Structure formats: C-alpha cells, structure tokens
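Asker: With chain A held as given, fit chain B onto it using these hints.
Take a look at the letters that make up each chain.
2 protein chains.
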Amino acid sequence: MNTVIETILNHRSVRSFEDRRLTKEQIEQIVSSAQAASTSSFIQAYSIIGVDDPDKKKKLSELAGNQSYVEENGHFFVFCADLYRHELIGRMENKDVEETLESTEKFMVALIDASLAAQNAAIAAESMGLGICYIGGIRNHLEEVCNLLKTPKRVIPLFGIAVGYPSKIVDQKPRLPLQHVYHENEYQQNEEEYINQLNEYNKTISEYYEARTAGQRSDTWTNQMGNMLERKTRMYMKEFVEGVNFNKR
Amino acid sequence: MNTVIETILNHRSVRSFEDRRLTKEQIEQIVSSAQAASTSSFIQAYSIIGVDDPDKKKKLSELAGNQSYVEENGHFFVFCADLYRHELIGRMENKDVEETLESTEKFMVALIDASLAAQNAAIAAESMGLGICYIGGIRNHLEEVCNLLKTPKRVIPLFGIAVGYPSKIVDQKPRLPLQHVYHENEYQQNEEEYINQLNEYNKTISEYYEARTAGQRSDTWTNQMGNMLERKTRMYMKEFVEGVNFNKR
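Top to bottom, those sequences are chains A and B.
When we follow the UniProt record's numbering, the leftmost residue of the first sequence carries the number 1, and every step to the right adds one.
When we follow the UniProt record's numbering, the leftmost residue of the second sequence carries the number 1, and every step to the right adds one.
With the rest of the complex left out, here is chain A:
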C-alpha cells in the first residue's frame, strides 16, 4: 500500500481542533489541489469561499446547528455549486445559455464538480497532517448562509469543510461491506441477500458503538438510518434551489 492510499484509508472526521490558523501557503495548496480535480467538459462549475472572519464563523456555526467546530478550527472552506460565471460568459459571448444553466443536468454537473474538488481538498489537507470535517449543516438555513456569504443567484453553498490541527482523534467508523457497495457487471438486485448483508453490517456497527461508548450506546445502522430518514428535514430545498435558478427544467 502506498502513502496516498494510506492517507485515504486513514480518514476519519475530526471535530476538535487546536487554536491555530492555517497559513496562506497551506490554504493555497488546498485550493490548488481542489482545482486539479476533473471537471465535466472543463466547465469548472464551482467556487470556494474561505471563511476566517470570527463573526462570520460564529454565525455559520449557529446556522449549522451550533456545531462548535464550525467556529473553532484552522480555516473553514465553503464549497459552492457555481454557474454565475457561466451566466456572465453568456453575456460576454452573446449566447443564450439560460435554459442550459437552469437544467437539472447542469445542477448535477455543478454538484459533482464541486464535490470532486472538495474531496481533493480534503485529501490534500489530511496529507499535511491536518484533520477535516465535512459540514452539511450549512444546508439547514441556506438563505441565511447565502446572505452571510453574499452569494449571487446561480451559486449554492453545498457544504463546508472545517480544517485544522486535530486536538482529538476518534476511531474510524466501519463502512458497508465491500460486496454490498460494489457490483460486478450489473446491479445485484437480490433483496434477500441485500438484507442479509445489512444484518451482518448491523452487528459490526453495534459492536463499534458499544466499544466506543463503553456499552452506553446500542444501535444498528439500519435503525439509525430508519430514524434519520423518517424525519423530514430540509424539505425546502427544491424550492430554494429553483429560486436561485438551478434545477428548474
């Protein structure tokens, strides 16, 4: 196993950081790494907002559900789907690009582009000995986040990444069995086998929680997922993304 794969396999979310800011050089290496990712037809449909301002970080932390590590970290990156520059390009080049920009296809392209870039940033940061945590919680209140970060229409802040020097390292969470996620040549739609695999995985996860909490937490993955998915959260999203001119047609 090479060092790159070691770095990738060693990932765990870090939620507790030292009080130490990233340097300009570190930030630039992380952003350059993000930009090196593949991009659909060279479209580069994303932007990154680095948040360092203490008031803004505090506000973001509140909006994300009072997660302290959104405020207390070495640097906070917000990854955005971005077709605003492509709207400008339409005007510069005198081309009618509106229908395309508002299509579900380009919504997908922008989400995928931003995510590929973000994962490069995450791996780059981890390779420097930094810890990271993705923050989907910024999608709890996107209108307020957009106001705070002054994003124009055709830009959606998708998630944050808190980066910094780890002050506490936790265990890795075991993933679904490889055979459950990886299919050969076609999707193995065998419901019985699928449920058997999930039951097996439930045992792994129960053991993980029990060991981690010294017997305090007893939970399975399917129970955790069932409870989470039963709650209807962020149901405003469809209207919101259409309101900023994505995913409309």
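I should point out that these hints are in silico values taken from the structure, not numbers from a laboratory.
Nothing here was measured: the structure is a model prediction, and the numbers come from that model.
All residues carry an ideal CB built from backbone N, CA and C; glycine is no exception.
Check the hints yourself; a few may be wrong.
[Said to hold, decoys possible] Under 10 Å between C-beta atoms, here's a sample of chain B residues computed to sit facing chain A:
no.: 1; residue: Leu63
no.: 2; residue: Cys80
no.: 3; residue: Glu93
no.: 4; residue: His183
no.: 5; residue: Ala211
no.: 6; residue: Trp221
no.: 7; residue: Arg231
[Unchecked claim] Covered stretches of chain B, as calculated for chain A (at least 3 residues, CB under 8 Å):
no.: 8; segment: 14-22
no.: 9; segment: 64-73
Answerer: Relative to chain A, chain B alone:
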C-alpha cells in the same frame, strides 16, 4: 510538497490505455479507497458497478457517444447515486421514509456522496500509476444505461471512470486563476473584475491550445463554454431523475 499533493496536482485525464486488465486486488484497493470518503450523516448513498464484460463495455461506449476508451481500458467503474438500500431499510425498520428519499435534499446528498467516493477512487488509482478518465457521457442515454446495468429505481448511474495503464499522456489543462475560484470571507461579486480575470484566463487557454495543436486550434475558454452552453443537451434529465424517484419534492 508531499507525495499525496504531488499525485493530486499531477492529474490529467487519460484517454488511451494499454490492453491490460486491473487485478482483483487493485480493484478492491480502489473500491476500499472510495468507501473511506466522508458520507453525509453516515448515509453511504452510492453504489459502484465495475464493468469488465466486453459486450457491456462496448454497449456503454456506444451509449456514451462512441468514446473508445470506455471500451478499451483496464476496468470501467460506474458510480451511482443509490437510495435503493434505504428504501429496503424503511421496510426492514417499518419507517415511512418515502418523502425523505424523494426530496431534492437527498438527491443532492446522494450526488455528493457518490462524487466524494469517486474522487477517492480516482486518486487511489492514480497513486498506483494508473490513469483515469471521468465519463459523463453515460448520462446521454440513462434509460439504456440503467437497463444494461439492471439498476432498480432509486439508483442513478452518474458517471463512469475508465481506469487503466496509460499508453499516452497528454498535457494538463490550465485551470481558472485561483483568485477567480477562491473567495475570502464572502463572494467577490465584482462583475468587471470577474470579466477581466476571464479575459486573462482566455489568453492562457489560447496559448495552451495553440502549443498543443501546433497552431491548429485557436480557442478561448469563454468561447468554448458559450458554444457548449448554447446547445441544449440532456434536457430529459429532470423527467428522468423524477421517474426513478429522485428530486420529486
């Protein structure tokens, strides 16, 4: 600069591969790397289909617009947004999860999850000396791709990654200037400066194409983007994703 960041910054798409298949061990390292990526609230909302069957690869290549490297490579991975297993979980746990699974929010979660996993896979493959190319072309005809790969509802094949031993290495395409993509504390919505940056970048891209094609191709980035975005492609996507029960509410 460490080896991980070197690997990341050295990325270029490879579209020509030796006739040499990946080993089972290589495939498993790539898939395990994908699974190590962060996942929103531990939801693991993706699947990977590894395609090795020559007939299926040939068919996929045709569907993706006759891209030979979809057929001729060491292994072809299809990354899918997947909430099918979460539908099963709803039944296993007797929870009503339908509204959540059909929300735009969970459509975004599944796209982001699949993309983070894919980029880990891409970096892992590149770290082994393999080349990769993302294939968005499978979205040209998704219904046929779904039939070929036998995916159930709540699964969307998003893109492929062709992986293999490179037989031809091309130059890297220069990315947008860092300051154009990276904003500090808030989105720098200064249209004039934005357009200046795009004009600067156009010069870089013109020089790149001229050097690469010995003067044969003269193009700018904004012209290329304007032409691409004027064409209305994959406009069936909204209806398609709703038809497989994503992005409906």
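Asker: Can you give the numbers of the hints that this structure goes against, from lowest to highest?
Answerer: 1, 5, 8, 9
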